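For the sequence shown, the working numbering gives the first residue as 1143, with consecutive numbering after it.
Hints were generated in silico from the structure; no laboratory data involved.
Given the structure is predicted, the values throughout are model-derived calculations rather than measurements.
Wrong hints could be hidden among the right ones.
To be verified - In silico DSSO-like pairs for lysine-lysine, Cα to Cα no more than 30 angstroms straight-line: (1) K1393 <-> K1340; (2) K1410 <-> K1340; (3) K1369 <-> K1340; (4) K1156 <-> K1186; (5) K1153 <-> K1219; (6) K1364 <-> K1235; (7) K1279 <-> K1219; (8) K1340 <-> K1316; (9) K1316 <-> K1364; (10) K1219 <-> K1290; (11) K1369 <-> K1155; (12) K1193 <-> K1235; (13) K1212 <-> K1153; (14) K1393 <-> K1364; (15) K1235 <-> K1369; (16) K1156 <-> K1340; (17) K1410 <-> K1393; (18) K1369 <-> K1153; (19) K1410 <-> K1399.
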Amino acid sequence: MNRTQLVTEIKRKKSFLCVGLDTDIAKIPAHLLNSEDPVFEFNKAIIDTTKDFCVAYKPNIAFYECMGPKGWDSLEKTLDYIPSDIFTIADAKRGDIGNTSSMYAKTFFERYNFNSVTVAPYMGEDSVTPFLEFHNKWVILLALTSNKGAMDFQMDTIHSGERVFEKVLTQSQKWGTTENMMYVVGATRGELFTDVRKVAPDHFLLVPGVGAQGGSLEEVCKFGMNKDCGLLVNSSRNILYASNGNDFAEKAAVEAKAIQSDMEVLLKQFEVIE
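Full structure from sequences and hints, please.
Encoded structure:
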């Protein structure tokens, strides 16, 4: 999926919601556990009831690979079930020496046909560029994350006078473009979106941390939205586990619809849509 197609879907659905498919078999409703593939059955039901309210799905790969071959099968079936007009993100946070990154890229872009993959920048250019060699595929580079440990390195000032996350933003723009690179910027750093946008005004940002982690959707939009929206705001637990009963999918839809409605108001407020 290219940028124009993604922006078109945001405007059509009046939404920039990404649903995180962090499907934990220990948390899904008990009545699904007797099915042949409980994880896929859960994902399928979530997709059925939320697909009209979101523009992206983001399976967190750890929740699948921890189950071995069966987990990868569940992931593949999930991907096959997601409608083709919805952006898919492999939340894998990969990154290694060049030839290894090439294999990771083939895994997620060829074997599983994701639209994008999250990548760690710590090892530098040659660990990232193999992911950028695929047509209409995206790297989503970790820049400023929402976890407590982000303060260990990302906010440090280096010899250039930049903070580490700013160095990631400036340096990586030499490798990719607004057409194939996004950045992860956590919602819990809302006031820092202004600083991010000074360096990367036109890139899309994948924003975790709204909802359960305490980030504010309004603050993210105030400081982070651009003319194309430029945001994919992720929600996982609030939607997936809105209920642990037989009505889990219906409750997920209620949560997703509520977020989409808020997003529609904000898209109008910031004149992305009329």
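Tested hints:
1. The suggested pairing of K1393 with K1340 is violated, with an alpha-carbon distance near 39 angstroms, which exceeds 30 angstroms.
2. Proximity of K1410 to K1340 is assessed by CA-CA distance (about 23 angstroms); at most 30 angstroms being required, the pair is judged to hold.
3. The straight-line distance between the Cα atoms of K1369 and K1340 is roughly 14 angstroms, inside the 30 angstroms bound, and the hint therefore holds.
4. Under the criterion of a C-alpha separation no larger than 30 angstroms, the hint pairing K1156 with K1186 is consistent with the structure, at around 23 angstroms.
5. Between K1153 and K1219 the alpha-carbon distance is near 28 angstroms, which keeps this suggested pair within the 30 angstroms criterion.
6. Of the pairs offered as hints, the one joining K1364 and K1235 holds, with about 27 angstroms between alpha carbons and a cut-off of 30 angstroms not exceeded.
7. At roughly 20 angstroms between alpha-carbon atoms, K1279 and K1219 fall within 30 angstroms of each other, so this suggested pair holds.
8. With a C-alpha separation of about 16 angstroms, the suggested pair K1340 and K1316 falls inside the 30 angstroms cut-off, and the hint holds.
9. For the hint pairing K1316 with K1364, the CA-to-CA distance comes to about 27 angstroms; that is within 30 angstroms, so the pair holds.
10. Restraint check: the Cα-Cα separation between K1219 and K1290 comes to about 34 angstroms, which exceeds 30 angstroms; the hinted pair is violated.
11. Between K1369 and K1155, the direct Cα distance comes to roughly 16 angstroms. Compliance with the 30 angstroms bound is thereby established for this hinted pair.
12. Between K1193 and K1235 the CA atoms are separated by roughly 25 angstroms; this keeps the pair inside 30 angstroms, and the hint holds.
13. Between the alpha carbons of K1212 and K1153 the distance comes to roughly 37 angstroms, so the proposed pair goes past 30 angstroms and is violated.
14. Pair hint K1393 plus K1364 holds up; C-alpha atoms about 28 angstroms apart against a cutoff of 30 angstroms.
15. Between K1235 and K1369 the CA atoms are separated by roughly 28 angstroms; this keeps the pair inside 30 angstroms, and the hint holds.
16. The hinted pair formed by K1156 and K1340 meets the criterion: a straight-line CA distance of about 26 angstroms does not exceed 30 angstroms.
17. Under the criterion of a C-alpha separation no larger than 30 angstroms, the hint pairing K1410 with K1393 is consistent with the structure, at around 26 angstroms.
18. About 11 angstroms separates the Cα atoms of K1369 and K1153, which keeps this hinted pair within 30 angstroms; it holds.
19. At most 30 angstroms may separate the alpha-carbon atoms for a hinted pair to count; K1410 and K1399 meet this at roughly 17 angstroms.
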